[in-house]
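Now for the letters of each chain:
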Amino acid sequence: MVEYRALIKVMLKPTVLDPQGVAVRNSLLTMGYEAVKSVRVGKHLELTLEANSENGAYCLAQELCDELLANPVVEEYHIELAPAGEEKGGT
Amino acid sequence: MKCAVVVFPGSNCDADVYHALTDDLGVDAHYVWHRESDITGYDVVVLPGGFSYGDYLRAGAIARFSPVMVSVQRFAQRGGLVLGICNGFQILVEAGLLPGALLKNDNLQFRCEWTTLRVDNHCTPFTSRCRKGQVLSLPIAHGEGRYHVDSDTLKEWNDAGRIVFRYATAEGDACREANPNGSLHNIAGIVNREGNVLGMMPHPERATNSLVGGEDGRWVLGSLVDYVERGCV
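For the protein sequence lines, the chains are A and B, in the order given.
Quick note: the first sequence uses my numbering, first residue 1288, plus one each step.
Quick note: the second sequence uses my numbering, first residue 2, plus one each step.
Among the hints, a few may not be true.
Taking CB as the label site, the calculated pair distances span [stated by the list, open to error]:
id	chain 1	residue 1	chain 2	residue 2	range
1	A	P1301	B	Y32	34 to 44 Å
2	A	S1340	B	P68	25 to 35 Å
3	B	V234	A	E1337	51 to 61 Å
4	B	G11	A	Q1307	14 to 24 Å
5	A	L1315	B	D151	49 to 59 Å
6	B	V213	A	S1340	58 to 68 Å
7	B	K3	A	E1363	39 to 49 Å
8	B	E230	A	P1359	31 to 41 Å
9	B	A161	A	G1329	15 to 25 Å
10	B	L109	A	C1346	18 to 28 Å
11	A	S1325	B	D24	45 to 55 Å
Interface residues of chain A toward chain B, partial, derived using beta-carbon atoms under 7 Å [to be verified]:
id	residue
12	P1306
13	G1308
14	N1358
15	V1360
16	V1361
It should be emphasised that the hints constitute simulated quantities derived from the structure, not laboratory data.
Where a beta carbon is used, it is the ideal one built from N, C-alpha and C, also for glycine.
Excised from the complex, chain A in its bound form (with noise of 0.2 Å):
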């Protein structure tokens, strides 16, 4: 088994209203920062995973936004993997 971690981005879909968005690019237009068009609040989740292969990691991160990191009905979600203990390599 391998340690995989698991990025995952979870927005409402582009269909469904997001007033925390519009409060924020209000917010910014006051502000004077006018070229903000648009902006959508999302959540992002990090989880490290047990798997025998990067697939079989992201087949199971898919399982758990399915079964409830995302709410399917008004909610999309994106997956990225990274390999575990990535963040503390380096040069």
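Take the given structure of chain A and dock chain B to it, following the hints.
Just chain B, lined up with the frame of chain A:
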């Protein structure tokens, strides 16, 4: 009528429901802790309001995996009456017992106030005491009550009369001004296909005694009592 009031960690309307049922309606009510799995012998299960699991992740998302919810699912499948109020409604949609989702209010405010609702279906076990089009005055207290559902389901639910309550003016007009949270079609409460599971954002248990400002909650909770006693709408 024997009623279970489920208590999740973070429920905060459980005592209100218990009090309204026992003291104001004379119902035999019992608290059921969320770790219990035996709910046999009950006629009605109420999922009360509050902030189960701190509303972490999404309101109701974690509570739906509480052990008691397996029994509630089975209870509902067998035709048992389930009433979800506020956070209880959020748990029911997360559990898939009702369609749709409840999102942050479009105004981003936590709305704690009296609202008026129009009864659009009086032929359910939860509204049998009401007249069609009757306007009830009930309080709300939520930040995430904006009902959302895909357009096909909305059409099916609309056509079949499963939208039971809509936010409306005192005259019964379900207009934008009467909508406190941006809910689709002013939806405040819906039933499932079978008609035995109802979720609603307003709190009938906070309005069963004039001492607390109103008694219109009796139209809802009293309907349940009638239904259980008579066995039909």
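Now the hints, each set against the structure:
{"no.": "1", "hint": "A/P1301 - B/Y32: 34 to 44 Å", "result": "43 Å, holds"}
{"no.": "2", "hint": "A/S1340 - B/P68: 25 to 35 Å", "result": "33 Å, holds"}
{"no.": "3", "hint": "B/V234 - A/E1337: 51 to 61 Å", "result": "53 Å, holds"}
{"no.": "4", "hint": "B/G11 - A/Q1307: 14 to 24 Å", "result": "22 Å, holds"}
{"no.": "5", "hint": "A/L1315 - B/D151: 49 to 59 Å", "result": "31 Å, violated"}
{"no.": "6", "hint": "B/V213 - A/S1340: 58 to 68 Å", "result": "59 Å, holds"}
{"no.": "7", "hint": "B/K3 - A/E1363: 39 to 49 Å", "result": "43 Å, holds"}
{"no.": "8", "hint": "B/E230 - A/P1359: 31 to 41 Å", "result": "40 Å, holds"}
{"no.": "9", "hint": "B/A161 - A/G1329: 15 to 25 Å", "result": "34 Å, violated"}
{"no.": "10", "hint": "B/L109 - A/C1346: 18 to 28 Å", "result": "37 Å, violated"}
{"no.": "11", "hint": "A/S1325 - B/D24: 45 to 55 Å", "result": "51 Å, holds"}
{"no.": "12", "hint": "P1306", "result": "5 Å, holds"}
{"no.": "13", "hint": "G1308", "result": "11 Å, violated"}
{"no.": "14", "hint": "N1358", "result": "6 Å, holds"}
{"no.": "15", "hint": "V1360", "result": "4 Å, holds"}
{"no.": "16", "hint": "V1361", "result": "5 Å, holds"}
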